[in-house]
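Peer 1: So you can see what is in the structure, the chains are spelled out below.
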Amino acid sequence: MSSILSSLLGATFPLFGSTLLLAVMVVAGYTFAVAVAAGANGKARTLQAARFGAYGTVVLVGVTVLCLAYAFVSHDFRIRYVAHYSDRSMALGYLLTALWGGQDGSLLWWLFLLSIYIGLCVRWLGKRHLELQPYVIATLMAVVLFFCVLMAFAANPFSTSVAGARADGEGLNPLLQNFYMIIHPPSLYVGFVGCTIPFAFAVGALITGRLDHEWIVASRKWMLFAWMFLGIGNTLGMLWAYEELGWGGYWAWDPVENAAFMPFITASAYIHSVMIQERRGMLKVWNVFLICLTFFMTIFGTFLTRSGAIASVHSFAQSSIGTYFVYFLVLLAGFALTLVLYRWPELRDLPPTARLRRAAIVTGWVVVLAFAPGLVLLLGKIAMPATAKVGVFALSTGLVVYVGIEVVFRRMTAGLVLKSRRPAFESVFSREFTFMLNNWGLLSFLLFVLVATTFPMITEAVSGEKVSVGPPYYNAWVQPIGLTIFSLMGIGTLFGWKKTSEGALKRAFFWPTLLLVLTAALHFAIGRRIGYPAVIWSDAVYGGALGTALRAFNAFTPVIGVSMCVFNTAIIVQEFVMLFRSRAKTGAGKGTPSILWWIGGLPGFLYSIVTLAPASRRRYGGYIVHFGIVCMFLGFTGKSWTIDKEATLQQGQSVEVGDYKLQYVGPRMELDNTKRMVFADMNVLDKTGRILGKLAPAKFIFKRMPESPTTEVAMLHTLKDDVYVVVGTMNPQTKTASLQFHINPLVSLIWLGCIILIGGSIICMWPQLEPSESRVWAFAKGGASVAASVCLGVILAMTPARAFAQGTSSLHAGTVHIEDDRERALFGGLRCTCGGCARDLLSTCACSYADDARDLIRKKISAGMTHDQIIAEYAAKWGTEFLAVPPDRGALRAIYAVPLAVIAAGAVGLVVVVRRWRRRGDGDDATPGDAKKLAGGKSTGRDAYDTRIDDELKDLDG
Amino acid sequence: MAKTASAARTKAKSAKVLEREAPSPEETERSLGRWVARGLPIVTVAIAFVVGFAASLGPALLVLAAGALLGTISLLWASVRTLGGDAPLPEDLEALAARRHGVDGLAEKKRRILRALKDLEHEHEVGKIEDADYEEIAASYREQAKDVMRDMDADIEPLRERAEQIATQHLKKLGLDKPAVVDTSNEADEEDDHDDPVSKPEVAPARRECSECTTSNEADATFCKKCGASLVEKDDDAT
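Heads up: the sequence lines are chains W and X, in that order. Take 168 as the starting number for the first sequence in the working numbering and just add one per residue. Take 453 as the starting number for the second sequence in the working numbering and just add one per residue.
By construction, these hints were calculated from the structure, which means they are not laboratory data. Ideal Cβ positions, reconstructed from N, Cα and C, are used throughout, including at glycine. Just so you know, not all the hints are guaranteed correct.
Derived EDC-like pairs (lysine to aspartate or glutamate); straight-line CA-CA distance at most 16 Å [as the list claims (entries may be wrong)]: (1) W:K633 to W:D1055; (2) X:K677 to W:D1122; (3) W:K752 to X:E577; (4) W:K861 to W:E879; (5) X:K561 to W:D516.
Have a look at the derived ranges for each label pair, beta carbon to beta carbon [unchecked claim]: (6) X:D583 to W:F723: 40 to 46 Å; (7) X:P493 to W:A200: 25 to 31 Å; (8) X:D544 to W:A200: 22 to 28 Å; (9) X:V497 to W:S328: 32 to 38 Å; (10) W:L1120 to X:V497: 46 to 52 Å; (11) W:A334 to X:V502: 31 to 37 Å; (12) W:G860 to X:P493: 47 to 53 Å; (13) W:L259 to X:E573: 57 to 63 Å; (14) X:P610 to W:T490: 58 to 64 Å; (15) W:L1120 to X:E479: 40 to 46 Å; (16) W:G565 to X:P610: 53 to 59 Å; (17) W:V1069 to X:E661: 56 to 62 Å; (18) X:S663 to W:L1120: 25 to 31 Å; (19) X:E664 to W:G293: 30 to 36 Å.
Away from chain X, derived, C-beta distances all over 12 Å, residues of chain W [as the list claims (entries may be wrong)]: (20) R333; (21) V493; (22) G541; (23) P770; (24) N840.
Given the sequences, and given the hints that come with them, work out the whole structure.
Peer 2: Structure (structure tokens):
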């Protein structure tokens, strides 16, 4: 049958594939047009046609993916992509996962996931949101169109190689240099792609002007789902780096990791701020901005990965699709901006007159274009010192912005009443305010990461100076910011909506604060004795006062982190205690079958939470998510107590690392079809000599690449710490092995935290129970639907892990030899100069260049040179781009100065805005000011409306 | 491939048979659509399984692709026919679309205020806000809610009158003008209580009283939540 098929399909199969891509483009274009028409004429008939068109597009994308799958299965090596990522010897499972292994295929995979989302979304929309639907479909189709154009013209997975079919493909090289690029993006795609749906809802709301709570309710669940998968994807990425890369860490602040992390931050901010809009009708612009920013970040992240604009261990080869992404980003930003400006009056609750719209659009664009002359100056080839350039840029931009707002806007809106009647804040001691603080914190974090990630690109354009920003920089700065957000997370939950009474606030703060202080004291007292010191000093990233300050803060990170975790946990426990106490008082807890409590508490607890009214359920689900984040933070704090050690052992010898004793049993060799495996068998013993487990770190020598064996990590996981062993070299004659040991405390808590986070998100997304259904049925249905969707997502996200479990650790084929902490600090601050390994540090890069560089530096250390001298010399020899932390001088200071300035400006802005809202509150007629009067007259004022309000409150979902 | 093609042919045949038998062409087309939507994936997957076991995965993938392609074609055909006005729409879509409405500022405001009251209630229950503060803020929100509700009532007053008129006329024609007043007030609220299923609980409180046990039910309830008696017929009589 196969031969008949191949003769039938014959020479044109690749062409057929390409044609399918073009067909998707045409169909998506058709659907787009019909959807827009449906929006314009408002006819149900046109909308229905658009819905059919959307389904058609979705299925057609499926056809395309199936065809590519067929090409892989039938070894159609005429297709370049197939030849590049598979060979005849590959097992079926690997063949299919190669579908998204490379760039072209991963774009198709992205499109495929997007179309699954679209199918589900259109189905879910059904007869709801009829007004928004056309534009939601149109927006989604526009995104599909973009990906089609991208594939058809720049990264066609069906393109054939000029040389014709090969006899065999290249296969998935076990030592593929950029193997990371294969495993990381797909696990995040589910989250990335999911952000498109809320964006489509936002665009729909903006176009139709239906900016009330409707679109928020519609998009909330989709956003939560995407958010959860961004979380899962990021954690999986960490897990992968940790399990496979063999350097003992999990997060390297690589540009691509950052790109995946940034949408997660904006999505988190959105999930919080949206609650204010739901309750107050405020922050409409902000929420639209956050949704657009999240979507923007997903595209920007893809751009970062694919364009090769920033050196990264993940980066794809420089390819032309970067340009397409830039155009798409610009188009997207311009479109979203114009739309927001057009709806400015509605968003700000102003009278929607044509004049005001015009004024908003003109002013907005004047402000945006104000950056143009400055940018030309900055990026152009004008000979001018960088500092002067930045100064002129700031001046010119500021001037035009001022002119834009003052002159243009004032003049165009002269005579219009711009006083918007918007609700006000009762109190600063309210959840509303803490949510705004949280948004400020998260966005500050985003800004910091964003600036640092793009900094190499910017400096190269502005001053031609090449720099790189490595983990030491992030580690130094992120700790203060992260801990600030972390503490805000806890403090925020202590406040209630509207207003928190002073007494209640004091009560709420009492226990957590007490525990915080006690933990800190206890930590100082016994921390060092039990191996978890409260204060750990490391080297400063900068000289001078700034470096000292950062170093001082970061030294205290362990104690702050641990006590903050206790503080936050106490707060969460307290919240639940308060909930259950109030439920006991009102008798609402009776609904939980007591059998569930008897069989271990947790089922009863979960049942009670899930059966809460939706708004409360989301709230307490959110607290569970917070608890997951607390666990993760504790895991991150554990990093401070890592113990690294190297040893060369004879057979039977043992070494003590931390609380463990590791005994080298001896080498062992195994063979299979593709490789030779050399294991170093180890016993892990505790201090008393009891065997805790056996480890077998290994070297795999693939037939294909005998000269560069891969390193396989072996680990013993416990909740307390992980024993992480990497084998460096093994001598088969003498049976000696050089090994590296890492004791990584509390790492397991990160993965545990992620699981709790998933659980909390599921509780938030739990479908609403319908009163008409029987309870058990509703429960089963809700559980099944959520579980099924989550499982599907997890499987999708996990599949690449299985696919590439074979060729692991390829980046680190060799081993790094580090003798002491001084060397570690030094190597951690310098980049390898080989050029092949992109961005690796001397402390992790295993290539021969790095080995030579390390030897050289070792000689210099023994010659008596200081840390700073060596770094200065290295920079002078190779250039600043080989320092992991950009030097603290001149215009390069912008990397932290700009974010800090914006963060400070954000804080000032926050204060100003809140003051204004408070003032408006005082000036308004129905606010606490005269509420006393009203409260006084309440007894007489009770009327028929009160009964109606009571009735409706009872029906409201709590 | 050949098998799918023949399957499609038989499908077309059976569709023709259906067309001859069924009385209404619209209903026929709808059922045809349903048949294709359910049958095509099942048939395709079944054939793919058979082919997969008989031959190998490659041809099975092609069968799936062929089935999906057929699906695309039928979906696009449906789309074009719908656009051209030849195909019938789902029963209630047109009706729903005709009842679309703009953003109701007042209803939105009321929803927010009620939300605020509910939040306050919750915070009070879990002890985040003390009695005095609670009373004070809740009272102010209640006052705002009343204002909004008064405005809303004033807005729908003319509509209510018109509805009452229509209903009285209608009932007169039927010769039942006595209970008109009770029913028409419901009717008037119904007009205001738009169809949007999401914002349902927030808009005007059109409650429906059960004729059997006088329990107050949601406006869109079809059956009484207490005794299970049907609430619909009464409504049908009224209109």
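Peer 1: Give a verdict on every hint.
Peer 2: Hints, one by one, checked against the model:
| no. | hint | result |
| --- | --- | --- |
| 1 | W:K633 to W:D1055 | holds, 14 Å |
| 2 | X:K677 to W:D1122 | holds, 14 Å |
| 3 | W:K752 to X:E577 | holds, 9 Å |
| 4 | W:K861 to W:E879 | holds, 15 Å |
| 5 | X:K561 to W:D516 | holds, 12 Å |
| 6 | X:D583 to W:F723: 40 to 46 Å | holds, 42 Å |
| 7 | X:P493 to W:A200: 25 to 31 Å | holds, 28 Å |
| 8 | X:D544 to W:A200: 22 to 28 Å | holds, 26 Å |
| 9 | X:V497 to W:S328: 32 to 38 Å | holds, 34 Å |
| 10 | W:L1120 to X:V497: 46 to 52 Å | holds, 50 Å |
| 11 | W:A334 to X:V502: 31 to 37 Å | holds, 33 Å |
| 12 | W:G860 to X:P493: 47 to 53 Å | holds, 49 Å |
| 13 | W:L259 to X:E573: 57 to 63 Å | holds, 59 Å |
| 14 | X:P610 to W:T490: 58 to 64 Å | holds, 60 Å |
| 15 | W:L1120 to X:E479: 40 to 46 Å | holds, 45 Å |
| 16 | W:G565 to X:P610: 53 to 59 Å | holds, 54 Å |
| 17 | W:V1069 to X:E661: 56 to 62 Å | holds, 59 Å |
| 18 | X:S663 to W:L1120: 25 to 31 Å | holds, 26 Å |
| 19 | X:E664 to W:G293: 30 to 36 Å | holds, 33 Å |
| 20 | R333 | holds, 19 Å |
| 21 | V493 | holds, 32 Å |
| 22 | G541 | holds, 40 Å |
| 23 | P770 | holds, 23 Å |
| 24 | N840 | holds, 22 Å |
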